[in-house]
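Residue strings, one per chain:
Protein chains: 2
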Amino acid sequence: MHTFNEQKVAQLNELLKNSPKIVIVAHKSPDGDSIGSSIGLYHYLKKKGFTVEICHPDPSPSFLHWIYGVEEIVNYEDSSSQVQEIISNSDVVFCLDFNDFSRVGNGIKPLLQESTAKKIMIDHHLNPSDEFDLQFSEIESCSTAQLIYDLIDALGDIDLLDENIGEPLYCGIMTDSGSFRFPSTTPHTHEVIAGLMKAGVKNHKVHENVFDTNTLDRLRLRGYAISEKLEILDEYQTAIISLSKADLKKFNYVKGDTEGLVNVALSISGIKKSIFLKEGDGIIKISFRSKGSDNPVNVMANEYFQGGGHANASGGMWSGSLEEAIQKVKKVIPEFCK
Amino acid sequence: MHTFNEQKVAQLNELLKNSPKIVIVAHKSPDGDSIGSSIGLYHYLKKKGFTVEICHPDPSPSFLHWIYGVEEIVNYEDSSSQVQEIISNSDVVFCLDFNDFSRVGNGIKPLLQESTAKKIMIDHHLNPSDEFDLQFSEIESCSTAQLIYDLIDALGDIDLLDENIGEPLYCGIMTDSGSFRFPSTTPHTHEVIAGLMKAGVKNHKVHENVFDTNTLDRLRLRGYAISEKLEILDEYQTAIISLSKADLKKFNYVKGDTEGLVNVALSISGIKKSIFLKEGDGIIKISFRSKGSDNPVNVMANEYFQGGGHANASGGMWSGSLEEAIQKVKKVIPEFCK
Numbered sequence: 075m076h077t078f079n080e081q082k083v084a085q086l087n088e089l090l091k092n093s094p095k096i097v098i099v100a101h102k103s104p105d106g107d108s109i110g111s112s113i114g115l116y117h118y119l120k121k122k123g124f125t126v127e128i129c130h131p132d133p134s135p136s137f138l139h140w141i142y143g144v145e146e147i148v149n150y151e152d153s154s155s156q157v158q159e160i161i162s163n164s165d166v167v168f169c170l171d172f173n174d175f176s177r178v179g180n181g182i183k184p185l186l187q188e189s190t191a192k193k194i195m196i197d198h199h200l201n202p203s204d205e206f207d208l209q210f211s212e213i214e215s216c217s218t219a220q221l222i223y224d225l226i227d228a229l230g231d232i233d234l235l236d237e238n239i240g241e242p243l244y245c246g247i248m249t250d251s252g253s254f255r256f257p258s259t260t261p262h263t264h265e266v267i268a269g270l271m272k273a274g275v276k277n278h279k280v281h282e283n284v285f286d287t288n289t290l291d292r293l294r295l296r297g298y299a300i301s302e303k304l305e306i307l308d309e310y311q312t313a314i315i316s317l318s319k320a321d322l323k324k325f326n327y328v329k330g331d332t333e334g335l336v337n338v339a340l341s342i343s344g345i346k347k348s349i350f351l352k353e354g355d356g357i358i359k360i361s362f363r364s365k366g367s368d369n370p371v372n373v374m375a376n377e378y379f380q381g382g383g384h385a386n387a388s389g390g391m392w393s394g395s396l397e398e399a400i401q402k403v404k405k406v407i408p409e410f411c412k
Numbered sequence: 075m076h077t078f079n080e081q082k083v084a085q086l087n088e089l090l091k092n093s094p095k096i097v098i099v100a101h102k103s104p105d106g107d108s109i110g111s112s113i114g115l116y117h118y119l120k121k122k123g124f125t126v127e128i129c130h131p132d133p134s135p136s137f138l139h140w141i142y143g144v145e146e147i148v149n150y151e152d153s154s155s156q157v158q159e160i161i162s163n164s165d166v167v168f169c170l171d172f173n174d175f176s177r178v179g180n181g182i183k184p185l186l187q188e189s190t191a192k193k194i195m196i197d198h199h200l201n202p203s204d205e206f207d208l209q210f211s212e213i214e215s216c217s218t219a220q221l222i223y224d225l226i227d228a229l230g231d232i233d234l235l236d237e238n239i240g241e242p243l244y245c246g247i248m249t250d251s252g253s254f255r256f257p258s259t260t261p262h263t264h265e266v267i268a269g270l271m272k273a274g275v276k277n278h279k280v281h282e283n284v285f286d287t288n289t290l291d292r293l294r295l296r297g298y299a300i301s302e303k304l305e306i307l308d309e310y311q312t313a314i315i316s317l318s319k320a321d322l323k324k325f326n327y328v329k330g331d332t333e334g335l336v337n338v339a340l341s342i343s344g345i346k347k348s349i350f351l352k353e354g355d356g357i358i359k360i361s362f363r364s365k366g367s368d369n370p371v372n373v374m375a376n377e378y379f380q381g382g383g384h385a386n387a388s389g390g391m392w393s394g395s396l397e398e399a400i401q402k403v404k405k406v407i408p409e410f411c412k
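One line per chain: the protein sequences are C and Y, in this order.
Following my numbering, the numbering of the first sequence begins with 75 at its first residue and continues without gaps.
Following my numbering, the numbering of the second sequence begins with 75 at its first residue and continues without gaps.
Careful: at least some of the hints might be erroneous.
Copies of the same chain look alike in the list, so a pair counts if it fits in one copy or across any two.
List of simulated lysine-lysine pairs, BS3-like, C-alpha gap at most 27 Å [said to hold, decoys possible]:
| hint | residue 1 | residue 2 |
| --- | --- | --- |
| 1 | Lys279 | Lys346 |
| 2 | Lys303 | Lys323 |
| 3 | Lys412 | Lys279 |
| 4 | Lys404 | Lys122 |
| 5 | Lys276 | Lys193 |
| 6 | Lys329 | Lys91 |
| 7 | Lys279 | Lys365 |
| 8 | Lys365 | Lys272 |
| 9 | Lys329 | Lys303 |
| 10 | Lys346 | Lys276 |
| 11 | Lys192 | Lys402 |
| 12 | Lys82 | Lys359 |
| 13 | Lys323 | Lys82 |
| 14 | Lys402 | Lys95 |
| 15 | Lys121 | Lys346 |
| 16 | Lys405 | Lys272 |
| 17 | Lys412 | Lys323 |
| 18 | Lys95 | Lys319 |
| 19 | Lys303 | Lys192 |
| 20 | Lys303 | Lys319 |
| 21 | Lys120 | Lys192 |
| 22 | Lys405 | Lys319 |
| 23 | Lys324 | Lys303 |
| 24 | Lys193 | Lys329 |
| 25 | Lys102 | Lys346 |
| 26 | Lys192 | Lys121 |
| 27 | Lys402 | Lys102 |
Read the hints as simulated data drawn from the structure, not as lab findings.
Note that the structure is predicted; figures quoted are calculated from it, not measured.
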């Protein structure tokens with residue numbers, strides 16, 4: 075089912091033969107895919123008999139703490155010297171879910187640059203750099219976790235799959251494909267999921283663990299944002315949600331509580347752009363989302379809000395008051411709604 | 075991939091050979107699966123050259139009006155004599171997504187009973203009755219739409235699949251499996267979805283059409299319900315949401331606006347039961363949801379609220395004020411939390 079170049083797979087096989095000590099690294103601000111693919115690969119390589127460690131730039135978010143093996147991740151923020159030692163002693167570094175050394179942050183980046191270990195990249199992001207010794211880059215793949223499955227398949231080890239390996243991979247695919255919703259989801263994605271479930275993965279357990287972790291404060295904050303702070307600009311098919319520091323404090327905001335809120339406003343029938351503004355310390359963080367290939371938001375984020383990103387999902391910021399930021403958004407939006 | 079009894083499939087093939095006029099009937103209060111499987115089967119049979127009509131008890135909900143072919147459905151509520159004529163002139167009636175004639179309502183039920191046409195049931199609900207001439211009952215299937223796919227496969231027609239046939243089937247499977255979340259989702263479900271996507275179904279189009287149809291009022295009502303009307307009974311791991319007639323009026327409530335709200339409260343970490351009370355005309359409608367096989371809510375619904383249903387999803391009612399209903403729930407909940 076996989077499409078990997080056979081020669082590269084043979085190279086990988088050769089590399090692994092002489093590499094007792096393996097490290098898995100992934101990008102900063104870990105998400106379901108970077109953690110899922112890291113832990114899935116970890117359990118697979120352990121089962122093959124390798125010495126494996128996972129080093130991430132920062133701690134795992136709490137909504138992924140249920141994954142079996144997550145406690146094995148050593149993170150640079152908490153244990154910099156340990157990460158330094160592990161990477162400097164490694165024979166091979168798997169670089170998962172990123173395409174450029176800069177994505178692992180200022181702590182781990184020099185460690186990768188100085189290390190004599192072979193760096194194997196497995197990733198699905200656009201424009202991979204050439205800093206790696208071996209590249210498995212498939213930009214059509216919905217997730218890196220799907221590529222880990224493909225690689226296990228390519229190495230002839232699909233029979234080794236079990237719940238420990240498969241569950242984090244399912245989590246990575248599910249979160250990065252928007253629960254199989256995004257256009258990046260292909261027939262092959264569903265074939266991979268079928269394979270993971272045959273190996274023992276219980277889908278409802280993953281969905282429940284990832285999605286049913288709301289706190290009362292989190293739900294109430296989101297409810298309040300939608301019922302009280304959502305504004306529609308009919309003429310521009312745009313929804314705006316804004317939350318002040320006082321709003322956040324009222325609901326005991328913790329990081330992650332407003333994750334995905336910008337997409338809720340995009341679910342309103344007829345709405346093509348959704349913009350979420352959140353007041354931080356001396357800065358307003360702004361998320362932009364849009365629908366349609368002819369409706370980019372990254373240009374607006376870049377031109378007026380010191381940001382950028384994907385055409386349909388961008389970020390930016392504003393140095394000033396929340397009210398000013400909202401006014402600026404309203405002022406420039408007509409330029410981008412033709 | 076299908077598991078149908080070959081003899082039954084041969085019987086069906088035989089029946090269809092001599093049946094120029096086919097009618098498709100599904101249950102009252104149509105949902106994604108009853109409509110998706112009806113329209114998927116309709117397009118397939120039309121492509122095979124049959125004369126086909128779809129007769130449903132009541133109109134399709136608006137969130138499914140985008141499906142190609144939905145306007146072909148003749149519903150009894152609006153066109154009773156037309157439905158009567160169609161069914162009395164038919165050779166074969168496909169009975170989809172129900173297992174007992176009583177499920178089609180008092181209008182269509184006698185028409186099925188009096189008809190001399192062969193009734194073919196395709197369904198996944200428990201305890202099928204023996205009123206049908208031919209039964210394809212698979213209670214393990216996540217949806218009837220999945221069974222339609224299996225039947226097309228069993229009839230050797232998988233090559234006939236196209237976007238028109240596949241899209242409503244995808245919709246039926248997706249809605250009845252909770253977007254592939256429920257335990258009823260199997261590896262085979264994902265294999266079927268892969269097959270549908272290979273036939274041209276665009277997953278993101280279906281997800282967008284089904285889920286991104288919020289109105290501003292609907293979103294605001296739900297936000298208000300969560301931020302202002304959600305109460306947690308910590309001791310009983312229970313969440314209660316209540317909406318009065320005044321609340322509903324404030325947000326211009328229309329049918330469907332509070333659909334699924336009870337499940338949002340169930341997504342709070344640690345919550346095992348969720349109860350939603352909605353004031354209607356002289357009656358309080360109550361929805362009960364729970365998690366876990368050892369945590370049924372249908373007993374409570376049955377004993378105190380004139381209702382019942384599934385162990386984890388039940389309904390009931392209260393004749394009295396909203397405040398009385400809430401007090402009654404709080405009074406009896408300790409009995410069911412041991």
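For each hint, the structure was consulted:
no., hint, in the structure
1, Lys279 x Lys346, "between (33 Å within a copy, 15 Å between copies)"
2, Lys303 x Lys323, "both (15 Å within a copy, 20 Å between copies)"
3, Lys412 x Lys279, "between (45 Å within a copy, 24 Å between copies)"
4, Lys404 x Lys122, "neither (57 Å within a copy, 54 Å between copies)"
5, Lys276 x Lys193, "neither (33 Å within a copy, 37 Å between copies)"
6, Lys329 x Lys91, "neither (42 Å within a copy, 63 Å between copies)"
7, Lys279 x Lys365, "between (31 Å within a copy, 11 Å between copies)"
8, Lys365 x Lys272, "between (35 Å within a copy, 24 Å between copies)"
9, Lys329 x Lys303, "both (19 Å within a copy, 24 Å between copies)"
10, Lys346 x Lys276, "between (35 Å within a copy, 19 Å between copies)"
11, Lys192 x Lys402, "neither (48 Å within a copy, 67 Å between copies)"
12, Lys82 x Lys359, "neither (42 Å within a copy, 62 Å between copies)"
13, Lys323 x Lys82, "neither (52 Å within a copy, 64 Å between copies)"
14, Lys402 x Lys95, "neither (53 Å within a copy, 63 Å between copies)"
15, Lys121 x Lys346, "neither (47 Å within a copy, 36 Å between copies)"
16, Lys405 x Lys272, "neither (54 Å within a copy, 45 Å between copies)"
17, Lys412 x Lys323, "neither (38 Å within a copy, 36 Å between copies)"
18, Lys95 x Lys319, "neither (47 Å within a copy, 66 Å between copies)"
19, Lys303 x Lys192, "neither (51 Å within a copy, 57 Å between copies)"
20, Lys303 x Lys319, "both (13 Å within a copy, 23 Å between copies)"
21, Lys120 x Lys192, "within (19 Å within a copy, 59 Å between copies)"
22, Lys405 x Lys319, "within (23 Å within a copy, 39 Å between copies)"
23, Lys324 x Lys303, "both (14 Å within a copy, 16 Å between copies)"
24, Lys193 x Lys329, "neither (32 Å within a copy, 57 Å between copies)"
25, Lys102 x Lys346, "neither (30 Å within a copy, 34 Å between copies)"
26, Lys192 x Lys121, "within (21 Å within a copy, 56 Å between copies)"
27, Lys402 x Lys102, "neither (30 Å within a copy, 51 Å between copies)"
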